[in-house]
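Construct the entire structure; sequences and hints are all you get.
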Amino acid sequence: MPAPTYLTDHSPGHGALSPRSRLDSDAPVLDLTGTWRFRLSPVADPETEPWEGDDADWDTIAVPGHWVLQGDGGYGRPIYTNVNYPFPIDPPFVPDENPTGDYRRTFTLPDDGAWSGAERILLRLDGVESAYRLWVNGTEVGVGKGSRLVHEFDITVHLRPGENQLAVRVHQWSDASYLEDQDQWWLPGIFRDVMLLARPAGGLDDVWVRADYDHATGHGALDLELAAAPEAFPVTLTVPDLGIEHRWDGPADVAPIPVGDVEPWSAEVPRRYDVVLAARGETVTVRTGFRTVRIVGDQFLVNGRQVIFRGVNRHEIEATRGRVFDPEHARADLELMKRYNVNAIRTSHYPPHPGLLDLADELGFWVMDECDLETHGFEKVGWRDNPSDDPRWRDAYLDRIARTVERDKNHPSIVMWSLGNESGTGQNLAAMSAWVHRRDPGRPVHYEGDHTGEYTDVYSRMYPALEEIDAIGGEHGRLMACSPAQGARLRRRPFVMCEYIHAMGNGPGAIAEYDERIRAYPRVHGGFVWEWRDHGLLTATGNGTPFYAYGGDFGEVIHDGNFITDGMILSDGTPSPGLAEYAAVVAPVRLTLTGDADAVLVTNDRHTADTTDLAFRWAVEVDGETMASDTLDVPPVSAGSTAHIVLPDPARAALSRVGDQGSEVWLRLVAALARPAAWGPAGHVISACQVDLTASRCTGGSPRPAAPPATGSTAPRQAGGEITLGPARFDARTGRLTRLGGMAVDGPTPELWRAPTDNDRGSGQGSLEEASPEETGGLGVPGPSSAERWTRRGLDRLVHRTHEVQVLDDRFIVRIRSGAAATSMGIETTLTYLADGDVLVMRVDIAPRGPWEGTWPRVGVRLGLPGTLDHARWFGPGPEESYADVAVAALVAVHERTIDKLAVRYARPQETGHRPNVRWLHLSGGDGPNLELQSFNELGGGQVGRPGFTASRHTAQELTAAAHPHELPLSERVHLYLDAAQHGIGSRACGPDVLPQHQLWPATHSFAVGLRVR
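1 is the number of the first residue of the sequence shown in the UniProt record's numbering; add one for each residue after it.
Just to be clear, a hint being listed does not mean it is correct.
Stated by the list, open to error - Beta-carbon label-pair distances, calculated as ranges:
no., residue 1, residue 2, range
1, Glu-475, Val-296, 17 to 23 Å
2, Gly-382, Ala-520, 35 to 41 Å
3, Met-195, Pro-636, 53 to 59 Å
4, Asp-96, Ala-520, 55 to 61 Å
5, Pro-636, Glu-231, 20 to 26 Å
6, Pro-256, His-684, 39 to 45 Å
7, Glu-231, Glu-140, 27 to 33 Å
8, Asp-900, Arg-797, 26 to 32 Å
9, Ala-653, Pro-851, 54 to 60 Å
10, Glu-97, Ala-520, 37 to 43 Å
11, His-215, Ser-116, 16 to 22 Å
12, Gly-382, Glu-475, 32 to 38 Å
13, Gly-573, Ala-653, 27 to 33 Å
Note that these hints are calculated values from the structure, not bench results. On a predicted model such as this, the values are computed, not experimentally measured, just so you know. Beta carbons: idealized from backbone N, C-alpha and C, even for Gly.
See the structure below:
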């Protein structure tokens, strides 16, 4: 049958009331969530209406919920696409095959005066994907569109005494789907609350409390907008914490109220006041904060001070519930953000559940509240027929922005409205902006797609290269997609990166380099990382093995794979090392040692708060162990200020006692919470740094041991097919190490391959420096990914040939040549072994052979070790993995982890677990022999880099072959990688590639280690 006309009429639906604020009221509410009756049809117009017949053939389903996440897979499957529509682009039409869920339940109004005396009864639905039609007692009430938008319907005349029936028909696809092409799972159903509201006579239909703050005087002002009938008056306003009581006898009396001294609201000091409004029929409480948002020139100011957004894009997602809101989960989410120095949220790409904004008000975040709008799929057809510039969609666009602003306008955390995301540009977006400017001139309007600044207030870009930020922050250079004149206009506005440093898999890289630009250019106001959380959905294989699914795991016709798992925390809520790196880079209070190493510079980059909530400590660390530590007395440092603190006498004394030649000396400085906060315990570290004082505090100035022995104390011996050198045994023909002391060993094998990270596989902005001329036409042109180039050159399938084996008087030398089929590019690895007592000294020299093109993923060797090893303890950077461009959070100390916890369980297996510059490493496990490794930083009088290590139960090739962690083969070995260097990480999954200074180009690399088995 043809689809109902309301699914293709371009409209925002019909029958819903005008939008209004979400208010905390004493008027009665009846919660209709819980268990409903449900049936699913494959088409939009089943033969029977949802209110007809009995319940015999109907299933039950939980509301709120998504039907594709219930019913053991019997109600269809989730679909993930990023840009592509999962149906033909034929607006406003959708396929006849349109999964349609019919919901119904009965309810009885409470038998009390509040309900029987109510002037009106409203039905409120907070979120339904994607379009729905509803009936009360068999009478149609209306049609709702806008999945993440609230709709209220007046059902007073449709109710009857006793039992009533509510029926809702929900369609997965509708014309509204063309406006909701956000990068997320398509998850149909009633996924937010459903409630009945008793609206009393003499009630307050809407309230807007505008609480302004004058930073020059410290005074506040209340400007109220009330929507109420005359019989609601008199209305009394009280603010208990301020001793304010004010009465209005009629609508004409409502006028601004000067307040006097107040404590302002900010994301760091989220001071809120209860504003209580008592009308004849209803009392409403609004928790507000006094704050004023202004754009002055190219500065975005709140309460007169510039705001720097250290933000994240946050979707509503949880691995079992989808977008169903859970207040405890949301609170834990935001508390975790606060602990990792996140101060801002972009509600990508729709208004969140209002409970999330309540938490943002309470805990303190700068919020960019985004409208439920994205038409990204039209990019696939050159933006032809894009609704953003089609007047037939104008009412739908305006309805969406009105429902966003009106519901959320009382939240002090919201400092900016966003029209939506990736919807091209056009007259309808301009109309939305004009509506917002008229309705709420106190908050700026954002939309990234307004590339020339025609109708928005801030200049916004996604994933800009550093060169672009330099052009924007400076006064020269042409800006993207605009003329010089338009660029000049945009430079007079605040610049915000609404998405940057794409956090997919291992990464993102170069956070520090972006932060340098943010600090360097006053008009650059930070940005929002894409994104906060992986969207993996918890499911199971046929044999019951649980795993987190991504695109394609549900048999979608088209999908975008694991691009849905691109968060700073994993699907199970585990913070990634990338989040630790982000927290370290953007720390709001920075500690550095001055050039004379006698004073600490404390820099408070906060917006509002001073440092009285923090406790400061110093520690002198020698060879990875703390020798002395104590508090650092820091007087209060106000926001935006710095202080020089003389290093205390105990720290100086501790440093003066360090004099052993070769000791490695570090001064660690820490700022932590002095007392519990609403989001973190006392002692939680806000900022930490280390200063290497080795050269200035120690004779010799370099860590011991400086160099391996020049000659071995034991001569190699050959007997038959085996060579013995001290504790080691080698295959005489291949030169492979087979045994070390009491431990079976295999290798070392030269290795250039790493399991490609999501950024290695990414198709974002390619690097001109890395690509050959035929691969890219210029900077920013994607070209082949790093993984493609590496695979094309055979780096994942190197074969090896023992070129030479030499047995000398005091050493054993093996030369190996490695290469791949169909290419002349290769490497030559020289392994030089010495024995010093029970220590085997191994020197590794790797040099390129042939005409190399492009970068290497890694350069080093791999050793196979017994699988009984399960614990690692090391001296070097840690505790998390780190790489050339992800290195700020890694502090040098003695760390330990189990072997299995060295790696991160990313949604798609990839390179993980690298710890660079290891000084020593101990691998242990069970009752078996343990391996000790000591690195050296000098060879033959020349400095060399210490190797990094990765200890994994799987090879890089095994990780590459697996699409999910549970697909990795069973392992009986531990694979120890010793890398002279690794390629950087970058952000190319959806952004710039690895920066030139962090790329690994073919060159000669050398390192040396001592190996001992105990």
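Hint by hint, here is what the structure shows:
1. The supplied range of 17 to 23 Å is met by Glu-475 and Val-296, whose beta-carbon atoms lie about 19 Å from each other.
2. Between Gly-382 and Ala-520 the beta carbon distance is about 37 Å. The supplied range of 35 to 41 Å therefore holds.
3. As the Cβ distance of Met-195 to Pro-636 is approximately 47 Å, the hint placing it in 53 to 59 Å is violated.
4. For the pair Asp-96 and Ala-520, the beta carbons lie near 56 Å from each other, so the given range of 55 to 61 Å is met.
5. Between Pro-636 and Glu-231 the beta carbons are some 53 Å apart, a value that contradicts the proposed interval 20 to 26 Å.
6. Distance hint check: the CB atoms of Pro-256 and His-684 are about 41 Å apart, consistent with the given range 39 to 45 Å.
7. At roughly 31 Å, the beta-carbon separation of Glu-231 and Glu-140 lies within the given 27 to 33 Å, and the hint holds.
8. At roughly 27 Å, the beta carbons of Asp-900 and Arg-797 sit within the given window of 26 to 32 Å.
9. As the Cβ distance of Ala-653 to Pro-851 is approximately 59 Å, the hint placing it in 54 to 60 Å holds.
10. Between Glu-97 and Ala-520 the Cβ separation comes to about 54 Å, which falls outside the hinted range of 37 to 43 Å.
11. Look at His-215 against Ser-116: about 50 Å separates their beta carbons, and that is not inside 16 to 22 Å.
12. Range check, Gly-382 to Glu-475: Cβ separation about 34 Å, and the 32 to 38 Å hint holds.
13. The hinted range of 27 to 33 Å is not satisfied by Gly-573 and Ala-653, whose Cβ atoms lie roughly 44 Å apart.
Consistency with the previously given hints fails for numbers 3, 5, 10, 11 and 13, ordered from lowest to highest.
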